[in-house]
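Colleague: Listed below are the residues making up each chain.
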Amino acid sequence: MILQSLYDLYGRLLDDPESGVSKPGYSKAGVSFAFNLSESGELLDVIDVRDASGGKKLRAREMDVPRQVKRAYGIRANFMCDNSGYMIGVTQQKSKELEITTAKHDAMRALHDEVLEGSGDPGAKAVLAFLHGWDPARAQDCPVLAPLWKDISGGGNIVFKLDGASGYIHDRPSVRGRWERYCADKTDGNENVGYCLVTGKVGPIARIHDNLKGVTGAQPSGAALVSFNLAAFTSYGKEQNINAPVGEEVAFGYVTALNYLLRSKDNRMRIADSTTVFWAEGPARLEEEAFAELVNPSQPGTRGSEESSDSEAGPDSSSDIAPNDQAKMQRDPRATRLVHDVLAKVAEGRPAREGLSGVDPDVRFCILGLSPNNARVSVRFWYVSSFGALVDQVAQHYADMSIALPTWETGPFPIWRVIKATAPLGDLKRASPLLAGAITRSMLMGTAYPEGLYTALLARIRADQDVNPVQAAMIKACLVRRDRLSGKTAKEGSHTVSLNEQCTDSAYLLGRLFAWLERVQANAVAKGNPEAKLQSTIRDRYFGSASATPRSVFPVLLRLAQHHIAKADYGEYADKQIEGIIGSLDGFPAYLDLEQQGEFILGYYHQRQAFYEKKPAATGSANVSVKEEQQ
Amino acid sequence: MGYGVAVKVWGDYACFTRPEMKAERVSYDVMTPSAARGVLEAIHWKPALRWVVDRIHVLNEIRFDNIRRNEVASKIPARNVESAMKGKEVELCQYASEDRQQRAALVLRDPAYVIEAHFALTDQVGPTDTPEKHYNIAVRRMRQGQCYHRPYLGCREFPAQFELVEGEMPTSCHRGERDLGWMLLDIDYADNMTPRFFRAVMHDGVIDVPAMPEGGGRLDSAESV
Numbered sequence: 105m106i107l108q109s110l111y112d113l114y115g116r117l118l119d120d121p122e123s124g125v126s127k128p129g130y131s132k133a134g135v136s137f138a139f140n141l142s143e144s145g146e147l148l149d150v151i152d153v154r155d156a157s158g159g160k161k162l163r164a165r166e167m168d169v170p171r172q173v174k175r176a177y178g179i180r181a182n183f184m185c186d187n188s189g190y191m192i193g194v195t196q197q198k199s200k201e202l203e204i205t206t207a208k209h210d211a212m213r214a215l216h217d218e219v220l221e222g223s224g225d226p227g228a229k230a231v232l233a234f235l236h237g238w239d240p241a242r243a244q245d246c247p248v249l250a251p252l253w254k255d256i257s258g259g260g261n262i263v264f265k266l267d268g269a270s271g272y273i274h275d276r277p278s279v280r281g282r283w284e285r286y287c288a289d290k291t292d293g294n295e296n297v298g299y300c301l302v303t304g305k306v307g308p309i310a311r312i313h314d315n316l317k318g319v320t321g322a323q324p325s326g327a328a329l330v331s332f333n334l335a336a337f338t339s340y341g342k343e344q345n346i347n348a349p350v351g352e353e354v355a356f357g358y359v360t361a362l363n364y365l366l367r368s369k370d371n372r373m374r375i376a377d378s379t380t381v382f383w384a385e386g387p388a389r390l391e392e393e394a395f396a397e398l399v400n401p402s403q404p405g406t407r408g409s410e411e412s413s414d415s416e417a418g419p420d421s422s423s424d425i426a427p428n429d430q431a432k433m434q435r436d437p438r439a440t441r442l443v444h445d446v447l448a449k450v451a452e453g454r455p456a457r458e459g460l461s462g463v464d465p466d467v468r469f470c471i472l473g474l475s476p477n478n479a480r481v482s483v484r485f486w487y488v489s490s491f492g493a494l495v496d497q498v499a500q501h502y503a504d505m506s507i508a509l510p511t512w513e514t515g516p517f518p519i520w521r522v523i524k525a526t527a528p529l530g531d532l533k534r535a536s537p538l539l540a541g542a543i544t545r546s547m548l549m550g551t552a553y554p555e556g557l558y559t560a561l562l563a564r565i566r567a568d569q570d571v572n573p574v575q576a577a578m579i580k581a582c583l584v585r586r587d588r589l590s591g592k593t594a595k596e597g598s599h600t601v602s603l604n605e606q607c608t609d610s611a612y613l614l615g616r617l618f619a620w621l622e623r624v625q626a627n628a629v630a631k632g633n634p635e636a637k638l639q640s641t642i643r644d645r646y647f648g649s650a651s652a653t654p655r656s657v658f659p660v661l662l663r664l665a666q667h668h669i670a671k672a673d674y675g676e677y678a679d680k681q682i683e684g685i686i687g688s689l690d691g692f693p694a695y696l697d698l699e700q701q702g703e704f705i706l707g708y709y710h711q712r713q714a715f716y717e718k719k720p721a722a723t724g725s726a727n728v729s730v731k732e733e734q735q
Numbered sequence: 012m013g014y015g016v017a018v019k020v021w022g023d024y025a026c027f028t029r030p031e032m033k034a035e036r037v038s039y040d041v042m043t044p045s046a047a048r049g050v051l052e053a054i055h056w057k058p059a060l061r062w063v064v065d066r067i068h069v070l071n072e073i074r075f076d077n078i079r080r081n082e083v084a085s086k087i088p089a090r091n092v093e094s095a096m097k098g099k100e101v102e103l104c105q106y107a108s109e110d111r112q113q114r115a116a117l118v119l120r121d122p123a124y125v126i127e128a129h130f131a132l133t134d135q136v137g138p139t140d141t142p143e144k145h146y147n148i149a150v151r152r153m154r155q156g157q158c159y160h161r162p163y164l165g166c167r168e169f170p171a172q173f174e175l176v177e178g179e180m181p182t183s184c185h186r187g188e189r190d191l192g193w194m195l196l197d198i199d200y201a202d203n204m205t206p207r208f209f210r211a212v213m214h215d216g217v218i219d220v221p222a223m224p225e226g227g228g229r230l231d232s233a234e235s236v
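Chains as they are written, first to last, in our numbering: chain A, 105 to 735; chain B, 12 to 236.
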């Protein structure tokens, strides 16, 4: 259904003049220069068409050109738009030697002869005259090319312009007519006729499908969704894409539609390592924007703290995984408000749909998660549902995750931050590649979170000996959802947003106790010298073992705590609290299982959060943990 | 269709690979007729008979899951096998660890289906082959859980459990009509191994499978019983 839905989208995009998708026979290409030709085919000058608006670096301008061939190997020229190797028969890549590629230039000339033979159009004539009169060996001496030599020979695409005429030569009606006829002839000559698996119609089958551009992490030249690039993928003695018969027209349509989505700002999101596109099966701009904002909240508060360290780490740090382009993102204010309303309703415990006003909840949405694998693109997830149902599920996800947060954090957390919370040193690249897709699926479908996520979070917390808000929120969500799906009512549990002093679950109480013990230690140290900082606190030493094997750790910690209590300010108050918690405990269990470890972490996190809430002007311990958070 | 059978098959995973997503596998939403035929052939098959799938019941909710597997990138070239047959010394093995590709797959979780099918006798039928005989062999084997090779759900690594449905048909969790798009019907082996497709529509969890269209050589020579 993926290709079918994309092909339907292509049909709708063609009808919409604002979408700018290419018609059959054309495709988008980044063009850097235009050669201005005289009618006799003389190269008069070079026009730099690159776009300077994106900062210091000049960017190739995207335009509709005759459809470009897919060049994996060998020499194949493009019509009217190609790089210097084909246009002038010379390439000089960075710091490499000048390479004269006469064969490429010859291929270019042959193609244009074939398409434009006998054309009376002055533009066509000029191009042919230019290609026939050009000598690749003398290209470097051409005075017109000299000023921009480095850039032109570097490999950007070049198109033709006829001096004095408006527009480019490839846009001239007569040239377009020639090109379209040439494409049609080629399709008719296609001997692979068969049933198209998208439309069921009999017709010419595409041998190779075009590349997709804009899938994060894929090869820069693009990668294909449908490809059979190794022998092991083929069956029944069939070659290339004849293994998956898709009509020429359909293959072009779905690739164009998908490239349109991948290029668009509003229909594309990055969720950890997978590039996600989504579209409504009908006109629904506002719904699409609202959905993007809902799934990937823009997180205004965090950029100052955690994210800044990432973007400064280096040009290629996590920038291609974490959505750093969020700052640039301009969302429709109506969409942002809609999402705000939805989340506010959820926070009040009311149905998310009450927040939906002015939108159609029945619009069908398609969501496609893609991630690269060599020259191929693989489907991470594929999901179709109505807008209203999606909003309900996503809102449920945020409701499950809601937890008391420190003042420097704002929820809700987007998925990439959850993934980051499972990775060593917060390095997104070291996180499991399967998690993003699996979490997204749980979020969109309301199913249980992936088992690997919960264990990854516990393992990360044990290794770091600390709990950050994202980890606590996600652990809570895992526990809440597990209880709900297994039919247990979570009422008596500890899965509340903030500290639950009534909870008698022993793991939760142990977590709270540990937070208190850490607190008294910090207070005791701070008393003598408010500036003092411990080299290692009990959390640094004991957090992992306390959460897994309490019986072996807590007696030691309690003995230690007596000294701290004696020293600390408010020692008696702390002592009473500790006594209260121990009073509710029925001895120290020898070990806690994975589920209980989650409870322990929640108890610890809730209790520590409660300290901050009572005293916003935090003392020593608060400063310590804030600093550690930012490391 | 006097000799129809209904077999329930289920497993932990299934992957009925869409031909267009074959490199990085994506499964169809439900079992394809050719996969159903493969399951039946694993249980009982002789050159004298050909299974025809009539209906597929989708019992469980359609759920997807991701897995990654290491697979090989190439095949052992047929030419090498030919020269080995001629007595030349060639290497016929494949070193999986040196020729590895990691491939992602979107597979089905906890699938369960009922396959309703009948069989037709082919022109390979011998003097002792009667429909009654093959029907009884097939049903006995299904009751006893016997098979020639382990039946599987789309890919060999997803084995299927099976049982003959003799009483009431298990109920499906699906209600209403759902269009599943064009789906592989089967390969037309008589016509240069051309894939045939059909529009799969699920009514209350049941997909009616059309007969192979004209042109299938085996169809013409087969006699439906």
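One or more hints might be untrue.
With a straight-line cut-off of 30 Å between C-alpha atoms, the simulated DSS-like cross-links for lysine-lysine are [unchecked claim]:
1) B:57 <-> A:127
2) A:342 <-> A:305
3) A:317 <-> B:57
4) B:57 <-> A:342
Simulated from the structure, these hints should not be mistaken for laboratory data.
Colleague: Take the hints in turn and mark each one as holding or not.
Modeller: Cross-check of the supplied hints:
Note on residue 57 of chain B and residue 127 of chain A: the hinted pairing is violated, with a Cα-Cα distance of about 52 Å set against a maximum of 30 Å. Only pairs whose Cα atoms come within 30 Å are accepted, and residue 342 of chain A paired with residue 305 of chain A is accepted, the gap being roughly 20 Å. A C-alpha spacing of about 50 Å is found between residue 317 of chain A and residue 57 of chain B, which places the hinted pair above 30 Å, so the restraint is violated. Distance hint between residue 57 of chain B and residue 342 of chain A is fulfilled; the C-alpha atoms sit about 27 Å from each other, no more than 30 Å.
Violated hints for the displayed structure, listed by number in ascending order: 1, 3.
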